[in-house]
Amino acid sequence: MGLVLEKDYIQYFTNNREEFQESLLSEARNVRGKIEEILLIGNIDLLSNAHKLVMYTIQGKDHELEKFAKIEGVSWASHSLTLAFKLEWVHAIRRTVWKYFQEFNKLNHIELEAESFFNTERQINDRIDKFLNELFLSYSEYKDNLIESQKTLVENLSVPIIPITSKVCVLPLIGSIDTYRIDTIEEKVLLEISRLRIGTLVIDLSGIAQMETEAIERIMKVMEGANMMGCECVITGLRPEIVRKITTIGLTFESKAQTKATLQQALEDFLR
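If you're matching positions, the sequence shown starts at 1 in the UniProt record's numbering and goes up one per residue.
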(Lines of atoms letter the chains of each structure in order from A and count residues from 1; the text may use other names and numbers.)
(Lines give C-alpha, C1' and ligand atoms only; values in the text may rest on other atoms or scores of the structure.)
Protein backbone atom coordinates (compact mmCIF):
# COMPACT_ATOMS: atom_id res chain seq x y z
CA MET A 1 0.00 0.00 0.00
CA GLY A 2 1.54 3.31 -1.07
CA LEU A 3 1.36 6.67 0.69
CA VAL A 4 -0.96 9.56 -0.03
CA LEU A 5 0.64 11.80 -2.71
CA GLU A 6 3.30 9.09 -3.11
CA LYS A 7 4.71 10.40 -6.40
CA ASP A 8 4.99 13.95 -5.08
CA TYR A 9 6.77 12.74 -1.96
CA ILE A 10 9.22 10.66 -3.99
CA GLN A 11 9.98 13.60 -6.27
CA TYR A 12 10.48 15.89 -3.29
CA PHE A 13 12.89 13.52 -1.54
CA THR A 14 14.77 12.89 -4.79
CA ASN A 15 15.13 16.59 -5.64
CA ASN A 16 16.33 17.38 -2.13
CA ARG A 17 18.57 14.36 -1.70
CA GLU A 18 21.74 16.29 -0.80
CA GLU A 19 19.92 18.50 1.68
CA PHE A 20 18.26 15.40 3.15
CA GLN A 21 21.67 13.78 3.62
CA GLU A 22 23.09 16.84 5.37
CA SER A 23 20.08 16.97 7.65
CA LEU A 24 20.43 13.26 8.33
CA LEU A 25 24.11 13.62 9.25
CA SER A 26 23.28 16.42 11.65
CA GLU A 27 20.79 14.08 13.34
CA ALA A 28 23.33 11.23 13.60
CA ARG A 29 26.40 13.07 14.83
CA ASN A 30 28.19 9.93 16.02
CA VAL A 31 27.79 8.39 12.57
CA ARG A 32 29.01 11.40 10.59
CA GLY A 33 32.68 10.80 11.38
CA LYS A 34 32.41 7.10 10.54
CA ILE A 35 30.99 7.34 7.00
CA GLU A 36 34.33 6.91 5.20
CA GLU A 37 35.61 4.32 7.67
CA ILE A 38 32.55 2.09 7.21
CA LEU A 39 32.81 2.45 3.44
CA LEU A 40 36.43 1.26 3.60
CA ILE A 41 35.80 -1.53 6.11
CA GLY A 42 32.72 -3.11 4.61
CA ASN A 43 32.11 -1.33 1.30
CA ILE A 44 28.87 -0.06 2.88
CA ASP A 45 27.66 3.30 1.57
CA LEU A 46 25.54 4.58 4.45
CA LEU A 47 24.14 7.58 2.61
CA SER A 48 23.18 5.64 -0.51
CA ASN A 49 21.61 2.92 1.61
CA ALA A 50 19.69 5.52 3.61
CA HIS A 51 18.17 6.85 0.38
CA LYS A 52 17.26 3.32 -0.68
CA LEU A 53 15.54 2.70 2.67
CA VAL A 54 13.54 5.92 2.34
CA MET A 55 12.44 5.12 -1.23
CA TYR A 56 11.36 1.56 -0.37
CA THR A 57 9.45 2.93 2.63
CA ILE A 58 7.61 5.64 0.71
CA GLN A 59 6.83 3.39 -2.26
CA GLY A 60 5.56 0.59 -0.06
CA LYS A 61 7.97 -1.96 -1.53
CA ASP A 62 7.78 -4.37 1.39
CA HIS A 63 9.43 -7.32 -0.39
CA GLU A 64 12.40 -5.22 -1.51
CA LEU A 65 12.63 -3.68 1.96
CA GLU A 66 12.79 -7.10 3.62
CA LYS A 67 15.40 -8.36 1.17
CA PHE A 68 17.48 -5.19 1.63
CA ALA A 69 17.31 -5.54 5.44
CA LYS A 70 18.62 -9.12 5.28
CA ILE A 71 21.54 -8.08 3.07
CA GLU A 72 22.33 -5.18 5.42
CA GLY A 73 22.23 -7.51 8.44
CA VAL A 74 24.76 -9.89 6.91
CA SER A 75 27.00 -7.00 5.82
CA TRP A 76 27.09 -5.49 9.29
CA ALA A 77 27.60 -8.85 11.00
CA SER A 78 30.34 -10.02 8.63
CA HIS A 79 32.36 -6.85 9.24
CA SER A 80 31.71 -6.81 13.01
CA LEU A 81 29.90 -3.46 12.92
CA THR A 82 27.79 -2.84 16.03
CA LEU A 83 24.01 -2.94 16.06
CA ALA A 84 23.88 0.06 18.39
CA PHE A 85 25.57 2.13 15.70
CA LYS A 86 23.10 0.90 13.08
CA LEU A 87 20.16 1.57 15.38
CA GLU A 88 21.27 5.18 15.88
CA TRP A 89 21.56 5.60 12.10
CA VAL A 90 18.10 4.20 11.31
CA HIS A 91 16.43 6.25 14.03
CA ALA A 92 18.13 9.34 12.56
CA ILE A 93 16.69 8.38 9.15
CA ARG A 94 13.24 8.06 10.70
CA ARG A 95 13.42 11.50 12.31
CA THR A 96 14.72 13.10 9.11
CA VAL A 97 11.99 11.50 7.01
CA TRP A 98 9.33 13.01 9.27
CA LYS A 99 11.06 16.39 9.17
CA TYR A 100 10.90 16.38 5.37
CA PHE A 101 7.29 15.23 5.30
CA GLN A 102 6.46 18.19 7.48
CA GLU A 103 8.41 20.56 5.21
CA PHE A 104 6.76 19.13 2.08
CA ASN A 105 3.27 19.54 3.50
CA LYS A 106 4.07 23.07 4.67
CA LEU A 107 5.46 24.12 1.28
CA ASN A 108 2.46 22.72 -0.52
CA HIS A 109 -0.08 23.99 2.03
CA ILE A 110 -1.27 20.45 2.73
CA GLU A 111 -3.15 19.85 5.93
CA LEU A 112 -3.75 16.16 6.42
CA GLU A 113 -6.84 15.07 8.26
CA ALA A 114 -6.23 13.05 11.41
CA GLU A 115 -7.12 9.76 9.74
CA SER A 116 -4.80 10.39 6.77
CA PHE A 117 -1.97 11.50 9.05
CA PHE A 118 -2.18 8.45 11.30
CA ASN A 119 -2.46 6.17 8.28
CA THR A 120 0.72 7.68 6.85
CA GLU A 121 2.45 7.52 10.23
CA ARG A 122 1.56 3.85 10.61
CA GLN A 123 2.84 2.92 7.15
CA ILE A 124 6.16 4.71 7.50
CA ASN A 125 6.97 3.61 11.04
CA ASP A 126 5.78 0.04 10.45
CA ARG A 127 8.06 -0.31 7.43
CA ILE A 128 11.08 1.15 9.19
CA ASP A 129 10.40 -1.08 12.20
CA LYS A 130 10.08 -4.07 9.88
CA PHE A 131 13.41 -3.14 8.29
CA LEU A 132 15.07 -3.04 11.72
CA ASN A 133 13.48 -6.32 12.78
CA GLU A 134 14.61 -8.17 9.65
CA LEU A 135 18.08 -6.63 9.91
CA PHE A 136 18.47 -7.75 13.53
CA LEU A 137 17.28 -11.27 12.71
CA SER A 138 19.66 -11.52 9.75
CA TYR A 139 22.52 -10.12 11.84
CA SER A 140 21.86 -12.58 14.69
CA GLU A 141 21.48 -15.57 12.38
CA TYR A 142 24.79 -14.80 10.68
CA LYS A 143 26.55 -14.39 14.04
CA ASP A 144 25.02 -17.61 15.41
CA ASN A 145 26.15 -19.57 12.34
CA LEU A 146 29.62 -18.04 12.61
CA ILE A 147 29.89 -18.95 16.30
CA GLU A 148 28.71 -22.49 15.56
CA SER A 149 31.27 -22.96 12.77
CA GLN A 150 34.03 -21.57 15.00
CA LYS A 151 32.91 -23.85 17.80
CA THR A 152 33.11 -26.85 15.46
CA LEU A 153 36.58 -25.75 14.32
CA VAL A 154 37.78 -25.40 17.91
CA GLU A 155 36.33 -28.79 18.79
CA ASN A 156 38.16 -30.41 15.88
CA LEU A 157 41.40 -28.67 16.82
CA SER A 158 41.00 -29.68 20.48
CA VAL A 159 40.67 -33.37 19.50
CA PRO A 160 43.16 -33.81 16.64
CA ILE A 161 43.18 -37.47 15.64
CA ILE A 162 46.21 -37.92 13.39
CA PRO A 163 46.57 -41.02 11.17
CA ILE A 164 50.07 -42.55 11.30
CA THR A 165 49.34 -45.69 9.30
CA SER A 166 46.13 -47.15 7.88
CA LYS A 167 45.38 -48.67 11.30
CA VAL A 168 47.32 -46.55 13.82
CA CYS A 169 46.29 -43.03 14.86
CA VAL A 170 47.53 -40.59 17.48
CA LEU A 171 45.43 -38.34 19.70
CA PRO A 172 47.70 -35.71 21.32
CA LEU A 173 45.84 -33.89 24.10
CA ILE A 174 47.08 -30.50 25.28
CA GLY A 175 45.91 -28.15 28.01
CA SER A 176 43.19 -28.87 30.57
CA ILE A 177 40.35 -31.34 30.24
CA ASP A 178 36.97 -30.26 31.58
CA THR A 179 33.55 -31.89 31.34
CA TYR A 180 32.65 -30.18 28.05
CA ARG A 181 35.92 -31.14 26.39
CA ILE A 182 35.74 -34.77 27.56
CA ASP A 183 32.27 -34.98 25.95
CA THR A 184 33.82 -33.76 22.70
CA ILE A 185 36.73 -36.20 23.03
CA GLU A 186 34.41 -39.15 23.60
CA GLU A 187 32.17 -38.28 20.65
CA LYS A 188 35.06 -37.54 18.27
CA VAL A 189 37.09 -40.65 19.24
CA LEU A 190 34.23 -43.09 18.73
CA LEU A 191 33.18 -41.49 15.44
CA GLU A 192 36.73 -41.49 14.07
CA ILE A 193 37.35 -45.11 15.14
CA SER A 194 34.32 -46.08 13.09
CA ARG A 195 35.10 -43.78 10.15
CA LEU A 196 38.82 -44.52 9.86
CA ARG A 197 38.61 -48.13 11.09
CA ILE A 198 41.32 -47.42 13.64
CA GLY A 199 42.97 -50.52 15.08
CA THR A 200 45.26 -48.75 17.55
CA LEU A 201 44.76 -45.32 19.08
CA VAL A 202 47.73 -43.77 20.86
CA ILE A 203 46.47 -41.19 23.39
CA ASP A 204 49.34 -38.88 24.35
CA LEU A 205 48.83 -37.07 27.66
CA SER A 206 52.24 -35.41 27.90
CA GLY A 207 50.62 -32.03 27.22
CA ILE A 208 48.10 -32.40 30.05
CA ALA A 209 49.33 -30.78 33.24
CA GLN A 210 46.24 -31.47 35.32
CA MET A 211 43.20 -33.76 35.19
CA GLU A 212 40.27 -33.77 37.57
CA THR A 213 39.05 -37.08 38.97
CA GLU A 214 35.90 -36.95 36.83
CA ALA A 215 38.00 -36.41 33.70
CA ILE A 216 40.17 -39.42 34.53
CA GLU A 217 37.09 -41.59 35.01
CA ARG A 218 35.65 -40.37 31.71
CA ILE A 219 38.92 -41.10 29.87
CA MET A 220 38.59 -44.64 31.19
CA LYS A 221 35.11 -44.85 29.68
CA VAL A 222 36.40 -43.53 26.37
CA MET A 223 38.94 -46.36 26.30
CA GLU A 224 36.25 -48.88 27.22
CA GLY A 225 34.16 -47.67 24.30
CA ALA A 226 37.14 -47.87 21.97
CA ASN A 227 37.87 -51.44 23.12
CA MET A 228 34.26 -52.42 22.47
CA MET A 229 34.71 -51.20 18.89
CA GLY A 230 37.81 -53.36 18.43
CA CYS A 231 40.32 -50.55 18.90
CA GLU A 232 43.32 -51.03 21.18
CA CYS A 233 44.34 -47.95 23.20
CA VAL A 234 47.85 -46.96 24.17
CA ILE A 235 48.49 -44.23 26.78
CA THR A 236 51.71 -42.25 26.61
CA GLY A 237 53.23 -39.30 28.47
CA LEU A 238 51.58 -39.76 31.86
CA ARG A 239 52.94 -37.17 34.27
CA PRO A 240 53.79 -38.14 37.89
CA GLU A 241 51.08 -35.93 39.38
CA ILE A 242 48.42 -37.55 37.19
CA VAL A 243 49.71 -41.03 38.01
CA ARG A 244 49.47 -40.23 41.73
CA LYS A 245 45.89 -39.06 41.33
CA ILE A 246 44.98 -42.21 39.38
CA THR A 247 46.45 -44.52 42.04
CA THR A 248 44.90 -42.48 44.86
CA ILE A 249 41.39 -43.02 43.55
CA GLY A 250 42.11 -46.72 42.97
CA LEU A 251 41.97 -46.77 39.17
CA THR A 252 44.31 -48.43 36.70
CA PHE A 253 44.79 -48.38 32.94
CA GLU A 254 46.09 -51.95 32.77
CA SER A 255 42.86 -53.65 31.72
CA LYS A 256 41.95 -50.96 29.21
CA ALA A 257 45.17 -49.81 27.57
CA GLN A 258 48.89 -50.33 27.20
CA THR A 259 51.11 -47.61 28.63
CA LYS A 260 54.32 -46.26 27.16
CA ALA A 261 56.68 -43.69 28.62
CA THR A 262 56.67 -41.43 25.56
CA LEU A 263 54.86 -40.97 22.28
CA GLN A 264 58.15 -41.53 20.45
CA GLN A 265 58.56 -44.93 22.11
CA ALA A 266 55.03 -45.96 21.14
CA LEU A 267 55.48 -44.91 17.53
CA GLU A 268 58.80 -46.72 17.28
CA ASP A 269 57.11 -49.92 18.53
CA PHE A 270 54.19 -49.67 16.11
CA LEU A 271 56.18 -48.53 13.09
CA ARG A 272 58.97 -51.04 13.52
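Calculated from the structure, these hints are not laboratory results.
Take these hints with a grain of salt, some might be off.
Stated by the list, open to error - Taking CB as the label site, the calculated pair distances span:
#	residue 1	residue 2	range
1	Arg17	Asn125	37 to 47 Å
2	Leu83	Ser48	39 to 49 Å
3	Ile147	His109	33 to 43 Å
4	Ser255	Asn133	56 to 66 Å
5	Asp62	Ser176	51 to 61 Å
6	Pro163	Glu141	33 to 43 Å
7	Ile71	Asn125	52 to 62 Å
8	Gly230	Glu187	15 to 25 Å
Since we're looking at a predicted model, the values are computed, not measured.
By construction, the Cβ of each residue, glycine as well, lies at the ideal position given by its N, Cα and C atoms.
Verification of the supplied hints:
Hint check: Arg17 to Asn125, Cβ distance near 22 Å, so the stated range 37 to 47 Å is violated. Distance hint for Leu83 and Ser48: a CB-CB separation of about 20 Å, inconsistent with the stated range 39 to 49 Å. The hint said 33 to 43 Å for the Cβ distance between Ile147 and His109, and at roughly 55 Å that hint is violated. Evaluation of the 56 to 66 Å hint for Ser255 and Asn133 yields a pass: the beta carbon distance comes to about 59 Å.
A hinted range of 51 to 61 Å holds for the C-beta pair Asp62 and Ser176, which are about 52 Å apart. A hinted range of 33 to 43 Å for the beta carbons of Pro163 and Glu141 is consistent with their spacing of about 36 Å. Restraint check, Ile71 to Asn125: a C-beta distance of roughly 22 Å breaks the suggested window 52 to 62 Å. The hinted window of 15 to 25 Å between Gly230 and Glu187 holds, with their beta carbons roughly 18 Å apart.
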